[in-house]
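From just these sequences and the hints, can you work out the full model?
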Amino acid sequence: MAHMDSVGELGKNAKAQNNFFLNCQILSSCLHRLDCLMKADTAHATLTFGSIVRAERVKKRISLRELARRLEISPTYLSHIEVDRVPPPMADKVTKLASELNLDASHLMKSAGRWDEHAAEAISARPVLRELFTLAFAMDEDELLQFVESLEERLERKHEGETLL
Amino acid sequence: MTKRDLHLISERLLREWNLLTSDGEMRERTIDIDHIAEQHLNLTIVGSESRGLYRLPARKLGAINIGERKIIVRKRLLEDDKHFRDYRHVISHEAAHAILHSGLVSQMFLPFENHEVFNSHSNRLAFSRDGSAEFEVEANVLGALLLIPFRELIKTLAPITNTYSSEATPISNSLVEERAAAAYCRGVVPMLMQRFEVSKAVALMVLYYWNAQMRPPLEWQRLAREVRNRSSK
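So the protein sequences, as listed, match chains R and D. Okay, so the first sequence: first residue is 1 according to the numbering used here, each after it adds one. Okay, so the second sequence: first residue is 1 according to the numbering used here, each after it adds one.
Derived from the structure by calculation, the hints contain no laboratory data. Please note that a few of the clues may not be correct.
Subject to a maximum C-alpha distance of 30 Å in a straight line, what follows is the list of computed DSSO-like cross-link-like pairs (lysine-lysine) [to be verified]:
| hint | chain 1 | residue 1 | chain 2 | residue 2 |
| --- | --- | --- | --- | --- |
| 1 | R | Lys110 | D | Lys70 |
| 2 | R | Lys93 | D | Lys70 |
| 3 | R | Lys96 | R | Lys59 |
| 4 | R | Lys59 | D | Lys75 |
| 5 | R | Lys96 | D | Lys82 |
Simulated restraints, written as ranges between beta carbons of each label pair [what the hints assert, rightly or not]:
| hint | chain 1 | residue 1 | chain 2 | residue 2 | range |
| --- | --- | --- | --- | --- | --- |
| 6 | R | Leu145 | D | Gln39 | 39 to 45 Å |
| 7 | D | Glu28 | R | Arg69 | 15 to 21 Å |
| 8 | D | Ala58 | R | Asp92 | 34 to 40 Å |
We treat Cβ as the ideally placed atom computed from N, Cα and C, and that holds for glycine.
What follows is the structure in structure tokens.
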């Protein structure tokens with residue numbers, strides 16, 4: 001509390017004397033603190049889909065309006081994507097976003113939790129895979145995990161067989 | 001916060017962010033306030049929604065959540081290009097709040113009692129409440145000064161008064177006042193609006209600000225007449 005008091009006192013004096021040079025010093029120390037704060041902020045940021053998009057957009061100095069115009073979505077919707085207020089957009093928009101921001105499309109798709117177009121196509125092209133996914137949807141998490149493990153085991157055995165042969 | 005502090009802060013910050021040359025002139029045609037808010041102040045701009053987390057109270061155009069470093073701006077301003085100038089006004093106002101009232105500068109400049117009042121609000125949405133009007137005025141003025149830097153204002157007003165000679169003239173407050181007064185009668189507000197891409201409110205704010213004694217426009221009209229008479233002699 002003693003510290004806070006002294007800060008308050010400093011503020012009073014600065015105002016009373018209107019001391020130009022003192023204000024300059026105070027301002028530069030404020031700027032320094034702002035800098036430190038921002039560095040700390042970026043260091044601990046979690047990388048959600050929205051935050052990746054925002055960081056890249058700000059880095060490339062594209063405004064919210066401009067990027068929204070290029071993607072043919074509303075700026076408000078884009079701003080909500082950036083704060084992760086809404087889920088990431090559909091795959092085609094994610095691809096477009098990646099090309100506008102010069103990002104790796106598959107990486108962005110992964111953080112968006114979306115299938116890439118080709119994967120979706122490949123699945124719908126093979127009826128067996130479609131069946132597999134329909135079945136998988138009905139399973140609960142533990143069952144699915146076991147199933148995936150057993151699949152992995154089978155694949156491994158298959159590969160071992162290949163090398164033995 | 002005195003008037004002079006606000007000018008000092010705006011000039012200093014714009015230089016720090018490399019938006020002004022060493023002469024105090026703008027590096028680009030207009031100040032990119034989006035870039036200031038997003039890059040330099042690390043604020044996230046969010047469009048308002050009709051219900052939920054980012055709802056704005058009726059008739060409010062913008063708000064800032066200093067704790068989360070988010071600016072919430074009325075959806076209509078963000079989406080419609082015809083409101084672009086008002087949008088810039090709102091962003092500059094909220095950015096000024098972030099500069100002055102986020103506990104960095106305010107801790108240093110404000111008297112202790114104000115600081116305490118402010119702290120009780122600082123982690124919530126900083127809506128203007130009774131007693132925070134002072135903060136709103138500060139934010140309005142600093143926001144306007146960020147959009148219209150001093151030196152560039154003088155340059156823009158120069159053609160209006162024929163007494164201006166570029167580099168040699170030391171700029172005094174009274175000169176600015178005279179120009180602002182002369183300008184007032186010659187449709188300078190639309191001119192400033194166009195030159196700096198700002199709303200009418202911002203253009204007027206800056207003219208009021210540089211009119212040293214905060215005189216009403218009537219006084220400017222008288223001053224303007226004097227200037228005109230002098231130049232016609």
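Given the range 34 to 40 Å, decide if the beta-carbon distance of Ala58/D to Asp92/R lies inside it.
Given about 37 Å between the Cβ atoms, the range holds.
Taking only the CA atoms, is the gap from Lys59/R to Lys75/D under or equal to 30 Å?
Satisfied, since the Cα-Cα distance of roughly 24 Å is no more than 30 Å.
Range agreement (Cβ of Gln39/D with Cβ of Leu145/R, hint 39 to 45 Å)
44 Å, holds
Straight-line alpha-carbon gap Lys96/R to Lys82/D, limit 30 Å:
Holds: Lys96/R and Lys82/D sit about 27 Å apart, inside 30 Å.
For Lys93/R and Lys70/D, compute the direct alpha-carbon distance and say whether it is at most 30 Å.
25 Å, holds
Checking one constraint from the list: CA of Lys96/R to CA of Lys59/R, max 30 Å. Satisfied?
18 Å, holds
Holds or violated: Lys110/R to Lys70/D, with C-alpha atoms at most 30 Å apart
Holds, at roughly 26 Å.
Range hint 15 to 21 Å (beta carbons of Glu28/D and Arg69/R) holds or violated
For Glu28/D and Arg69/R the Cβ distance comes to about 20 Å; the hint holds.
Every hint, counting from the list given before, is met by this structure.
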